[in-house]
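**Q** Taken in order, these protein sequences are the chains called A and B. For the first sequence, our numbering assigns the number 226 to the last residue and increments by one with no breaks. For the second sequence, our numbering assigns the number 178 to the last residue and increments by one with no breaks.
Mixed in with the good hints there might be a few duds.
Capping the alpha-carbon separation at 25 Å, the derived lysine to any residue pairs in SDA-like fashion look like this [to be verified]:
(1) K114/B <-> K74/B
(2) K15/A <-> L137/B
(3) K28/B <-> L11/A
(4) K28/B <-> R57/B
(5) K15/A <-> K28/B
(6) K15/A <-> E139/B
(7) K13/A <-> P14/B
(8) K119/A <-> R100/A
(9) K74/B <-> G139/A
(10) K114/B <-> A16/A
(11) K74/B <-> G189/A
(12) K28/B <-> R123/B
(13) K13/A <-> D30/B
(14) K133/A <-> L71/B
(15) K119/A <-> R46/B
(16) K119/A <-> D49/B
To be clear, the hints were calculated from the coordinates, so they are not data collected in a lab. These figures come from a predicted structure and were not determined experimentally.
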Amino acid sequence: MDERDDDLSALIKAKATRHAAPSQLRARIDARIAEIGTARAEETAGAGALGSPGRAWLRWTNMGAAFAFGVAASLVVVLTLRGADEEDRFAQAVVDSHVRSLMGAHLVDVESSDKHAVKPWFSGKLDYAPPVKDLAAEGIPLAGGRLDYLGQRPVAALVYRLNLHTINVFIWPATGQSSKDPVFDVRQGYNVAHWTGDGMQYWAVSDANAGELRNFVRLLSLDDRR
Amino acid sequence: MDTKTQQFEARVLPHLDAAYNLARWLLKDDDGARDAVQDAYLRAFRFFDHLRGEEARPWLLAIVRNTCYSLLGKRRQLGEQVEFDEERDSEFAERSAEAHGVDPAAALLRKIEKARIDEAIERLPSVYREVIVLRELEELAYEEIAQVANVPVGTVMSRLSRARAMLRASLRRPDQEG
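Make the full structure from the sequences, and use the hints.
**A** What follows is the structure, encoded as structure tokens:
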């Protein structure tokens, strides 16, 4: 840094505007954080025997493959019956899980935009390999993955970012081999999509608008074997 | 309220002005900056567990910066932004610095009004604008800026020096053409 830099520095420091945060922004952020914090505290207290879901899962993952495999194997039977009621319960479960994941405690176990980091992370934690697709080129980067628990079984949850929205995609093996085109639904203001393909069933949920989610689902289910 | 929330309020909320200042300079509008900062804070809260012993400020500012760039990317797709070309714009800065000769009269610099300074900073391409804002207005260390911008310290230093050259060139012109 030479003398001229000092002059310029002094000039900028003295004269350039340092924008201060508007007071209502401070209040709004304060309120939102407090709200989420309180909700989480209540949830943690109410979770009872399960304890904090996030921490519990971390402990589970540490216990390794055997345990997750055991749980998956013993509970897979539950998924044999299908019907409208069951669809409905799953839709509610994925929305609940999506909301929980955004409450701050536990969005991702493995934080990476690289599918080659996320996919191997699941091996040993699940008894199947969830397809992980990179959509960064389409402007929907991967944020990471986590283990979740739906319909009495551990499932893979992939987290994508679409602009300021978070998309959770839950993936677990389908019971049949037949593919099913995406069905869209709205629950509690969240857009939900469900489809089956390549022997896996997918649930995607997001606060992104219906068109955006539709496009995301289209990109994700494109059969380009990337 | 749980411990995490209390810690977050103690460690991260105090940097709200810095967060807003960066967002405001990057996005150049109040509404966008407000939304980006709020979103960045919620995101920061979500990932607060990842922050261990590090300084909260550069960590937060990195999140704010990312949030702003994804918004800028979205705007660019909508055609509101001119694509920034680091090579071309840097060459331009260096050429114009040479063309104008060396030492600008310090006295002249001191007379320049606030509005012109702001305008000159605003005209910098965002990667240069952010280093000026972080260095001169937020007084971050080079290492902290490197952390925020996710580039090596050497890049921070070369961007700073190019940014200063561009600012000098732009302030030296008696009247702005634009």
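**Q** Next, verify each hint and record whether it holds.
**A** The hints, checked one at a time:
1. K114/B <-> K74/B: At roughly 31 Å apart (the allowed maximum being 25 Å), K74/B and K114/B break the hint.
2. K15/A <-> L137/B: This hinted pair holds, its Cα atoms lying about 10 Å apart.
3. K28/B <-> L11/A: Between K28/B and L11/A the Cα gap is close to 21 Å, so the pair holds against 25 Å.
4. K28/B <-> R57/B: This hinted pair holds, its Cα atoms lying about 21 Å apart.
5. K15/A <-> K28/B: holds (17 Å)
6. K15/A <-> E139/B: holds (15 Å)
7. K13/A <-> P14/B: Holds. K13/A to P14/B sits at ~21 Å (cutoff 25 Å).
8. K119/A <-> R100/A: holds (23 Å)
9. K74/B <-> G139/A: holds (9 Å)
10. K114/B <-> A16/A: Distance of about 6 Å is within 25 Å: holds.
11. K74/B <-> G189/A: holds (23 Å)
12. K28/B <-> R123/B: holds (10 Å)
13. K13/A <-> D30/B: holds (21 Å)
14. K133/A <-> L71/B: holds (23 Å)
15. K119/A <-> R46/B: With a Cα-Cα distance of about 23 Å, the restraint between K119/A and R46/B holds, given a limit of 25 Å.
16. K119/A <-> D49/B: holds (23 Å)
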